[in-house]
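**Student:** If you want my numbering, it's the position in the sequence shown, counting the first as 1, plus 105.
Careful: at least some of the hints might be erroneous.
Stated by the list, open to error - Here are the simulated EDC-like pairs of lysine to aspartate or glutamate, each with C-alpha atoms no more than 16 Å apart in a straight line:
1. Lys517 <-> Glu573
2. Lys352 <-> Glu335
3. Lys446 <-> Glu294
4. Lys155 <-> Glu294
5. Lys276 <-> Glu286
6. Lys128 <-> Glu319
7. Lys155 <-> Asp280
8. Lys352 <-> Glu573
9. Lys128 <-> Asp221
10. Lys276 <-> Glu294
11. Lys155 <-> Glu335
12. Lys517 <-> Asp370
FYI, nobody ran anything at the bench for these hints, they're computed from the structure.
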Amino acid sequence: MSSDSAPGRTNDAEDDERHTTIKVVMISIVAAIGGFLFGFDTSVINGAVKAVTNQFSLSDGLSGFAVSCALLGAAVGAWFAGRIADRFGRKSVMVVGGLLFAVSAIGSAFAFAVWDLILWRVVGGLGVGVASVIAPTYIAEVAPARIRGRLASLQQLAITVGIFVALLSDKVIADSAGGAENSTWLGWEAWRWMFLVGVIPSVVWAVLALGVPESPRYLIAKNQTERAGEVLRQVLGTRNMAAVQRKVSEIKMSMRREHDPSLRDLRGPRLGLQPVVWVGILLSVLQQGVGINVIFYYSTTLWQAVGFDESDAFTTSVITAVTNVVVTFIAIALVDKIGRKPLLTVGSAGMFVSLTVMAIAFAQATGSVKEPSLPDPWGTIAVIAANVYVISFGATWGPVVWVLLGEMFPNKIRAAGLAVAAAAQWLANFAISTSFPALAGLGLQFAYGLYALIALLSFVFVRKAVRETKGRELEDMDEEAPAATVR
Numbered sequence: 106m107s108s109d110s111a112p113g114r115t116n117d118a119e120d121d122e123r124h125t126t127i128k129v130v131m132i133s134i135v136a137a138i139g140g141f142l143f144g145f146d147t148s149v150i151n152g153a154v155k156a157v158t159n160q161f162s163l164s165d166g167l168s169g170f171a172v173s174c175a176l177l178g179a180a181v182g183a184w185f186a187g188r189i190a191d192r193f194g195r196k197s198v199m200v201v202g203g204l205l206f207a208v209s210a211i212g213s214a215f216a217f218a219v220w221d222l223i224l225w226r227v228v229g230g231l232g233v234g235v236a237s238v239i240a241p242t243y244i245a246e247v248a249p250a251r252i253r254g255r256l257a258s259l260q261q262l263a264i265t266v267g268i269f270v271a272l273l274s275d276k277v278i279a280d281s282a283g284g285a286e287n288s289t290w291l292g293w294e295a296w297r298w299m300f301l302v303g304v305i306p307s308v309v310w311a312v313l314a315l316g317v318p319e320s321p322r323y324l325i326a327k328n329q330t331e332r333a334g335e336v337l338r339q340v341l342g343t344r345n346m347a348a349v350q351r352k353v354s355e356i357k358m359s360m361r362r363e364h365d366p367s368l369r370d371l372r373g374p375r376l377g378l379q380p381v382v383w384v385g386i387l388l389s390v391l392q393q394g395v396g397i398n399v400i401f402y403y404s405t406t407l408w409q410a411v412g413f414d415e416s417d418a419f420t421t422s423v424i425t426a427v428t429n430v431v432v433t434f435i436a437i438a439l440v441d442k443i444g445r446k447p448l449l450t451v452g453s454a455g456m457f458v459s460l461t462v463m464a465i466a467f468a469q470a471t472g473s474v475k476e477p478s479l480p481d482p483w484g485t486i487a488v489i490a491a492n493v494y495v496i497s498f499g500a501t502w503g504p505v506v507w508v509l510l511g512e513m514f515p516n517k518i519r520a521a522g523l524a525v526a527a528a529a530q531w532l533a534n535f536a537i538s539t540s541f542p543a544l545a546g547l548g549l550q551f552a553y554g555l556y557a558l559i560a561l562l563s564f565v566f567v568r569k570a571v572r573e574t575k576g577r578e579l580e581d582m583d584e585e586a587p588a589a590t591v592r
């Protein structure tokens, strides 16, 4: 009898696993739509900035702040998202994030003055900050350990797709009007429609978020163990209730606390914080410190220096954005096979070499500092190095840092820890983006040289301080666990 029933049990297990994988992938995709909005909102301004500058007669400084103010909003949104998620749940925060994006899109489209536009850009930034915390937190908390890295990488994939769609929609709308400043449908200027398009994915995210299950870790923290067990049964695909109860007990043990979660839980012996919190903060700062957003925000200078006409800026930006999307699949394929640390160290090495080559290439530039020109063969070398840099980042540090931030913190401080790390990331993004023009004024070789040095520091940091989390359950992410432990 046992031999006859064994195949049946195997088939049931396979059906359960297949059903589980599909269900977890679908709800992870819903969470990752927040990443799409994150990428879309931060990039959609690129197509509108010149028209907005002319419309409101902005100085260079005010124009730049209208672009970068969203990053400050993102830092604030990330800072508060963790405690809100711990109090009201991951689902609720996703819905709020979607609504913030929608309000920002509508407000920006109807802006009548620069202060008005900046206000709505900050609101959108709040949504970006919320999405940057809640999507990786939720995915990590619902995904089985064996595929958690791949599912968490969907966040970065969605970000890169959002960037690409923003650039593409800006181009389509601008072309339909003959320019971003010209009027098009309903007599509105094209730049207003660029912002308004963002309402569609914002509402979609808010509506779909209402249909996903709440995080089982959050439910257990709120003593809703029955609901948590049902969610775990669904996402783990098991009919063995004893196994579900064991999992519930493990999560309970890892979340022991005498009070509601707060930022106070992050306190520790290392300069006032727990060591794992510092690791998260430094991972975030280094991810931005290597200068990736310089490539996306200020790439025109590079392309013109190597001989491209300014009119080709959109084409080259799209090529870079598409490259960033494609190479993210490398991380998705490898992150659960070879681990997080190997990918990060390889990425750091690739970025260090390519940024060093770019610094050397621009040291050969002729012409003025503002309009450098690279003689042959340095122009070609710089273009190749820039693309190697984008590939090195996009296949490693781009997605893998978000994977680690979603899973590396113990259960009881996960949302709060990720919130602090994400806020640090947005502040670092703001600092790098706003300091680049001053560095470029000294010469692009100094800017790329600095980023190369930071890439080298990132290599050393990962080797010394980052623990491998591949295959480990979230309940094992405690301070005392040995770095080499893999389950």
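**Student:** Any hints this thing doesn't respect? Which numbers, in order?
**Tutor:** 1, 3, 8, 9, 11
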